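Model the full structure from these sequences, guided by the hints.
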Amino acid sequence: MEDSIHGLQEYLDFHYVFTFSTILAMLPLIYIPPTICVVIHIYRTHHKNRNRPGNMDGNLFLLIMLFFSSNFGFFLSDYLRLALPATGIFTSWCASVQPNHYFKVIFLLTFYFNYCVMMALFELCFVRLIILLFPKDNELLIKIIMRIGLLLFFFVPFGCTFFMIPSLGYCRQMGEPLRFGAIYIYYKGTWFSLRNTPFHLVMSVIMCSFTCSATCITIWKLRSSMFVNTSERTKKMADRAESSLSLTLLATMIPFINNTILTYVYLTSPSNVYYLMILRPFGNDAQAVIIPWLLYFTHPMFKPTRKILAATNSSFPMVLPSMFVESNEMSILSGAVYGNKTYRDYEYTYITWPVLIALIPLFYMIPTAFIIGRIFGVLLKSVFSSKKLPINNHIFLVLSLSQFLSFAYFLADYMMLRLPATRLFTSWCSTIEPNQYLKLIFFFTFYFNYAAMILPFLLCLLRLILLLFPNTHVQINGIILRITIPLILIYPICFTFFLIPAVGYCRQLGSPYPFGSVSIYYAQSYGTFRNSFFHLANTVFWMAACLLVNLALFVKLRSAIASQEQGQPKSSRSRRAELSLSITIVSMIMPYFTYCIFTVVYLTVTDYTYYMMIIRPFGNDCETVIVPWIFYLTHPVFANRKDSTTMVTMVNSSVKKSEAKSFVVNKV
Numbered sequence: 001m002e003d004s005i006h007g008l009q010e011y012l013d014f015h016y017v018f019t020f021s022t023i024l025a026m027l028p029l030i031y032i033p034p035t036i037c038v039v040i041h042i043y044r045t046h047h048k049n050r051n052r053p054g055n056m057d058g059n060l061f062l063l064i065m066l067f068f069s070s071n072f073g074f075f076l077s078d079y080l081r082l083a084l085p086a087t088g089i090f091t092s093w094c095a096s097v098q099p100n101h102y103f104k105v106i107f108l109l110t111f112y113f114n115y116c117v118m119m120a121l122f123e124l125c126f127v128r129l130i131i132l133l134f135p136k137d138n139e140l141l142i143k144i145i146m147r148i149g150l151l152l153f154f155f156v157p158f159g160c161t162f163f164m165i166p167s168l169g170y171c172r173q174m175g176e177p178l179r180f181g182a183i184y185i186y187y188k189g190t191w192f193s194l195r196n197t198p199f200h201l202v203m204s205v206i207m208c209s210f211t212c213s214a215t216c217i218t219i220w221k222l223r224s225s226m227f228v229n230t231s232e233r234t235k236k237m238a239d240r241a242e243s244s245l246s247l248t249l250l251a252t253m254i255p256f257i258n259n260t261i262l263t264y265v266y267l268t269s270p271s272n273v274y275y276l277m278i279l280r281p282f283g284n285d286a287q288a289v290i291i292p293w294l295l296y297f298t299h300p301m302f303k304p305t306r307k308i309l310a311a312t313n314s315s316f317p318m319v320l321p322s323m324f325v326e327s328n329e330m331s332i333l334s335g336a337v338y339g340n341k342t343y344r345d346y347e348y349t350y351i352t353w354p355v356l357i358a359l360i361p362l363f364y365m366i367p368t369a370f371i372i373g374r375i376f377g378v379l380l381k382s383v384f385s386s387k388k389l390p391i392n393n394h395i396f397l398v399l400s401l402s403q404f405l406s407f408a409y410f411l412a413d414y415m416m417l418r419l420p421a422t423r424l425f426t427s428w429c430s431t432i433e434p435n436q437y438l439k440l441i442f443f444f445t446f447y448f449n450y451a452a453m454i455l456p457f458l459l460c461l462l463r464l465i466l467l468l469f470p471n472t473h474v475q476i477n478g479i480i481l482r483i484t485i486p487l488i489l490i491y492p493i494c495f496t497f498f499l500i501p502a503v504g505y506c507r508q509l510g511s512p513y514p515f516g517s518v519s520i521y522y523a524q525s526y527g528t529f530r531n532s533f534f535h536l537a538n539t540v541f542w543m544a545a546c547l548l549v550n551l552a553l554f555v556k557l558r559s560a561i562a563s564q565e566q567g568q569p570k571s572s573r574s575r576r577a578e579l580s581l582s583i584t585i586v587s588m589i590m591p592y593f594t595y596c597i598f599t600v601v602y603l604t605v606t607d608y609t610y611y612m613m614i615i616r617p618f619g620n621d622c623e624t625v626i627v628p629w630i631f632y633l634t635h636p637v638f639a640n641r642k643d644s645t646t647m648v649t650m651v652n653s654s655v656k657k658s659e660a661k662s663f664v665v666n667k668v
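Residue numbers (full-length UniProt numbering): 1 to 668.
These are calculated hints, taken from the structure and not from any lab test.
Small disclaimer: the values here were computed from a predicted structure and weren't measured.
Each hint should be verified, as a subset may be incorrect.
[To be verified] No more than 16 Å apart at the CA atoms, straight line, and that leaves these computed lysine to aspartate or glutamate pairs for EDC-like:
(1) Lys341 x Glu433
(2) Lys188 x Glu433
(3) Lys188 x Asp3
[Stated by the list, open to error] Cβ pair distances, simulated, as ranges:
(4) Phe158 x Leu356: 33 to 39 Å
(5) Pro135 x Gly377: 56 to 62 Å
(6) Pro501 x Cys37: 48 to 54 Å
(7) Lys143 x Gly478: 42 to 48 Å
(8) Tyr275 x Gly339: 23 to 29 Å
(9) Tyr611 x Tyr275: 25 to 31 Å
(10) Cys494 x Met65: 36 to 42 Å
(11) Arg179 x Tyr31: 40 to 46 Å
(12) Glu10 x Trp293: 41 to 47 Å
We put the CB at the ideal spot given by N, CA and C, even for glycine.
See below:
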């Protein structure tokens, strides 16, 4: 058993000493016991008031208690598996104990409860959304959902852990930075040689996407439920409900992101995984602690002095109309500079930090434009020239389209934010009435952004298919592209249609931007739709999909390298392939990550929105710049080498399967 301490004399003779691991194990004891008391109080209060009007819906409360119970089951089993053994208290005893099923049960229950947490959280968000969408006739629908949901709640975690039943658990040494004697419980001998990591990664990505989507739709629906005669008290309650939902979304995302990063590091850089294992439990604890306290502080059931607003089905937190979506009669042009004499008389000054922020991208975007032009040139030459080039036309087409849309997004976003923020056009903007032309800049910014989100995923998918099906990838990828490329051009319309009747206008940016720094915004859109929630849901979904395919691609590449080299030292070409792919993954994920943070900050802590607006464009520029440069510098078609045909990044359709296996490790 790998790294097992069983029977080793140095571990049998180990004596416990107080270390940093002991402090880490003691920290949860500060916040977990009070949280348990809060959960008990929540249960007792609901049970006491179960027949009173305004009390929480029974189905919601059942899911909440299942969620809390699963969280504490996960905390306890994970504490026994990792935090407590890492202190070294039981190291000597563990070394004397043979591998057994009791240790296995601790490991199995850790992930069983973890999957239960994921399922309960999504079902809770989904039922809460159904109550909000159908406030009067939701009983039958919720009964059906609950019956199916409870079955899935118990059987999906079992389906993801069943292969551990015949395995044995044992204690193994942890790596740096933890000291000698810090151990944790692991397993060996599963059915079909299955591993826990792929199951956990797929579940984390899928449930994170579903949960975030359901919560974003809930927030959007909450905002769109504004009515004219809403009292100030109800508006304040709506404000608190939105803030609570946003904080809940943030708290639920932390464990998903935390576990996904840990799995990625485990697959790509195992030597660094123990650094993250120190922090991972605290990320998971955030969900177990924050949500009970949010419920306790926000739901009126726990504040008897507050009058409970009448509602047959109260949700968690209480669902109320939003005060953020303004009607056309209410401050339609918030912050507009049009017609303001102060802005009309504004005189431009050259030396300001927004000017510097606007100039920086020119240093890397202009050379990148030439690189994108060269990539386009190679694609056109391959299509229209009689001379065959050693490239894969499908990959080049998607990459070229991706870079074109990313560059178009950069230009539109530059005209929407960074250029107006320089104050160069402030005086002119104050004389221009709100119009459709300014709206088009805002519209195309997000149209190109939505389209560009999909293409990194599509590019990685094509590369993965190339590795999985080296003989038939041309036919498979051809079918995929014939379907997806038209859809990619139509897809953004589904999330920007509400901007068609809108008008665009210039408005003042908040602190830390100076007076006169403006950006282009919109008003009078169709209905009460808002761009933020569409964009957040798309960002989370495509980030998860892109990350999942990239990880599969990385694992497949490493296995191909290992099968080819078979015990030989890893070649420099193989290392370059892995490094190139790793940098590409990071650069592709960066725009998603920065916009997720920006949107969450916009929804929760609006005071810091404009600080994030300074940083966000540079995160988006990463993909636009790094991906074409990596492709240009690593693909042999851009280098005059005699052996370039043997280093082809994307194998041709004529390559035989036996040859393809030797090619794949030198490319992608």
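Unsatisfied constraints (hint numbers, rising): 2, 4, 8, 11
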